[in-house]
Amino acid sequence: MARMKFLCDADRCIECNACVTACKNEHEIPWGINRRRVVTLNDGKPGERSVSMACMHCTDAPCAAVCPVNCFYTTADAVVLHSKDLCIGCGYCFYACPFGAPQYPKTGNFGSRGKMDKCTFCAGGPEADGSKEEYEKYGANRLAEGKLPLCAEMCSTKSLLAGDGDVIVQIYKERVSKRGYGSGAWGWQTAYHETVAT
Amino acid sequence: MARLSKRVRFIAGALALMFVLAFAGATTRPAFAQVDPNAAAVKEQQLLDKLNVIQGRGTIPDTKSYVLEHPAGRDWRVFHTVWLKWIGGLSILGMLALLVVFYLWRGSIPIEEGRSGRKIIRFTAFERFVHWLTASTFVILGITGLNITFGRALILPWLGPSAFSAWSEWAKYVHNYLSFAFTIGVVLMFLMWIGQNFPTAADVEWLKRGGGMFTKKHGGHPPAWKFNAGQKILYWFVVLGGVAMMISGYMLIFPFYGGLTVGDMQLAEIFHGIVGVLFVSLILAHIYLGTLGMEGAFEAMGEGTVDLNWAKEHHPLWVEDELAQERSPKGPGLVTPAE
Numbered sequence: 001m002a003r004m005k006f007l008c009d010a011d012r013c014i015e016c017n018a019c020v021t022a023c024k025n026e027h028e029i030p031w032g033i034n035r036r037r038v039v040t041l042n043d044g045k046p047g048e049r050s051v052s053m054a055c056m057h058c059t060d061a062p063c064a065a066v067c068p069v070n071c072f073y074t075t076a077d078a079v080v081l082h083s084k085d086l087c088i089g090c091g092y093c094f095y096a097c098p099f100g101a102p103q104y105p106k107t108g109n110f111g112s113r114g115k116m117d118k119c120t121f122c123a124g125g126p127e128a129d130g131s132k133e134e135y136e137k138y139g140a141n142r143l144a145e146g147k148l149p150l151c152a153e154m155c156s157t158k159s160l161l162a163g164d165g166d167v168i169v170q171i172y173k174e175r176v177s178k179r180g181y182g183s184g185a186w187g188w189q190t191a192y193h194e195t196v197a198t
Numbered sequence: 001m002a003r004l005s006k007r008v009r010f011i012a013g014a015l016a017l018m019f020v021l022a023f024a025g026a027t028t029r030p031a032f033a034q035v036d037p038n039a040a041a042v043k044e045q046q047l048l049d050k051l052n053v054i055q056g057r058g059t060i061p062d063t064k065s066y067v068l069e070h071p072a073g074r075d076w077r078v079f080h081t082v083w084l085k086w087i088g089g090l091s092i093l094g095m096l097a098l099l100v101v102f103y104l105w106r107g108s109i110p111i112e113e114g115r116s117g118r119k120i121i122r123f124t125a126f127e128r129f130v131h132w133l134t135a136s137t138f139v140i141l142g143i144t145g146l147n148i149t150f151g152r153a154l155i156l157p158w159l160g161p162s163a164f165s166a167w168s169e170w171a172k173y174v175h176n177y178l179s180f181a182f183t184i185g186v187v188l189m190f191l192m193w194i195g196q197n198f199p200t201a202a203d204v205e206w207l208k209r210g211g212g213m214f215t216k217k218h219g220g221h222p223p224a225w226k227f228n229a230g231q232k233i234l235y236w237f238v239v240l241g242g243v244a245m246m247i248s249g250y251m252l253i254f255p256f257y258g259g260l261t262v263g264d265m266q267l268a269e270i271f272h273g274i275v276g277v278l279f280v281s282l283i284l285a286h287i288y289l290g291t292l293g294m295e296g297a298f299e300a301m302g303e304g305t306v307d308l309n310w311a312k313e314h315h316p317l318w319v320e321d322e323l324a325q326e327r328s329p330k331g332p333g334l335v336t337p338a339e
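Taken in order, these protein sequences are the chains called A and B.
Sequence positions in the first sequence follow this note's numbering and run 1 to 198.
Sequence positions in the second sequence follow this note's numbering and run 1 to 339.
Please note that a few of the clues may not be correct.
As the list claims (entries may be wrong) - Listed next, with one range per pair, are the computed distances between beta-carbon atoms:
hint	chain 1	residue 1	chain 2	residue 2	range
1	A	112	B	181	17 to 27 Å
2	A	180	B	157	51 to 61 Å
3	A	167	B	181	56 to 66 Å
4	A	135	B	258	36 to 46 Å
5	B	258	A	136	32 to 42 Å
6	A	112	B	303	35 to 45 Å
7	A	112	B	98	37 to 47 Å
8	B	143	A	47	45 to 55 Å
9	B	55	A	195	19 to 29 Å
10	B	214	A	59	51 to 61 Å
11	A	181	B	51	19 to 29 Å
Claimed, not checked - In silico lysine-lysine, DSSO-like type, Cα no more than 30 Å apart, as pairs:
hint	chain 1	residue 1	chain 2	residue 2
12	B	43	A	178
13	A	45	B	64
14	B	64	A	115
15	B	64	A	158
Think of the hints as simulated: they come from the structure by calculation, not from any bench.
Beta carbons: idealized from backbone N, C-alpha and C, even for Gly.
If we strip away everything but chain A, and leave its shape as in the complex, we get (with noise of 0.2 Å):
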């Protein structure tokens, strides 16, 4: 099986912003949550970077570790993934994400978050591919279907990649190479504990 990664090659994105709007649309998320969100660093200054940011799918993920009600779980492809029928709303994955990836339908007090949403890597829940159910509270199964996740598979200068962990680094490589830089793959040592060589 695959080791499902993300990879933002920050020296192409450009900051369009499509990936957030792909995958709010793709999955008909609710006003408020962003599963995906684009940071630009050292804005309007030489050397501005951006970088688009979801849920990393962490190796030995910190949210699965904290979760009091062991509502995380993760797939035979390394995607962790949660069940809202389980989930209590008590706000410490995103205590514990190095990314700010756990998301709360509402911002109300005494604990009244809701269930938690994150990026799925357009894999869905527990619930069976591609049904109604799945679809209402996690959005599409796109990996069901045989599709990568929607952010990357649009990103419209593929600064944005998604996939097998090995296959990505690899087309990285190749283009830090050809075009002699790259500042590096972003998150991965907080996430996966290694670093891509540049």
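Got chain A sorted already, so can you dock chain B onto it with the hints?
What follows is chain B alone, placed relative to chain A:
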């Protein structure tokens, strides 16, 4: 004047020409061929080394999302999944083990002179109400709180995922809402008993003799006023620990209010967790001494009256005071039984 300005203009013109020539000389080399587009670019490791957080600018209203990377979550995770479990497990199980050993060695501490049959008012109805308000909510807060840390390992396996989730969600709401009743209880307790809880000379003696708990000798109880040094320590821990629990707890109930960051939330949870498990283990000792551990102690909070001999053995200074008041015209205090 006109000549001077003409001269200035000439000098300025000459200087400008010199600069242009100097720059023209400098730019004869093809500068752009050597530029590395990444030379000035931000580097992930550099940013992480600096602050251990990478923050930028985003375009969505949720400003929390402008933090790109915050690896500190991993430290918090280690605290929550490893350290808190050890601190909580050791303090609570350790306290239980100590109490069992103490009970086996000392047994229930008896009223040495036996019961006198005369009772003295120890706590008024209001004092008992405040105590049980705080106590009952504390027990529920303790159980529902421990569930968050230990439930996954201890309860989930035999309750099953959906039943455990349903219970945990209710437990979370109960924990959040009962916190207000507990807060009121602690505040009332603070105001009600602060007068009797300042340290006195008797406390030093009491502490030196370990409260008389570790001797089976007759008359081993050191004297005390209404509250002995042990009870005063408990009082101040409940008040200060209660305030600590309130502040950290309300931070967790109102997440990200008033500019709280993820780091603040993590700190609040760490604080809440450590003080919470210590609180639980201290209250276990309190419950033991108030029930099983000491003959005649529970009725103080149960009915509000205690046997005069119990009072004389444990709180002689307080009894003297009460009896002196009773002899004066307006003080009640001593109650004779109906028969």
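Taking the hints in turn, this is what the structure says about them:
At roughly 19 Å, the beta carbons of residue 112/A and residue 181/B sit within the given window of 17 to 27 Å. At about 55 Å, the CB distance of residue 180/A to residue 157/B agrees with the hint of 51 to 61 Å. Between residue 167/A and residue 181/B the Cβ separation comes to about 57 Å, which falls inside the hinted range of 56 to 66 Å. Look at residue 135/A against residue 258/B: about 38 Å separates their beta carbons, and that is inside 36 to 46 Å.
Here the CB-CB span from residue 258/B to residue 136/A is close to 35 Å, well matched to the stated 32 to 42 Å. The given range of 35 to 45 Å is respected by residue 112/A and residue 303/B, whose C-beta atoms sit roughly 41 Å from each other. Against the hinted window of 37 to 47 Å, the Cβ-Cβ separation of residue 112/A and residue 98/B comes to about 40 Å, which satisfies the hint. Under the hint 45 to 55 Å, the C-beta atoms of residue 143/B and residue 47/A, about 54 Å apart, fit the expected range.
Between residue 55/B and residue 195/A the CB atoms are about 21 Å apart, so this pair conforms to the stated range of 19 to 29 Å. A hinted range of 51 to 61 Å for the beta carbons of residue 214/B and residue 59/A is consistent with their spacing of about 53 Å. At roughly 25 Å, the beta carbons of residue 181/A and residue 51/B sit within the given window of 19 to 29 Å. With a CA separation close to 20 Å, the supplied pair residue 43/B and residue 178/A stays within the 30 Å bound.
In summary, the hint linking residue 45/A to residue 64/B is supported, as the alpha carbons are separated by about 22 Å, within the 30 Å threshold. Of the pairs offered as hints, the one joining residue 64/B and residue 115/A holds, with about 18 Å between alpha carbons and a cut-off of 30 Å not exceeded. Distance hint between residue 64/B and residue 158/A is fulfilled; the C-alpha atoms sit about 27 Å from each other, no more than 30 Å.
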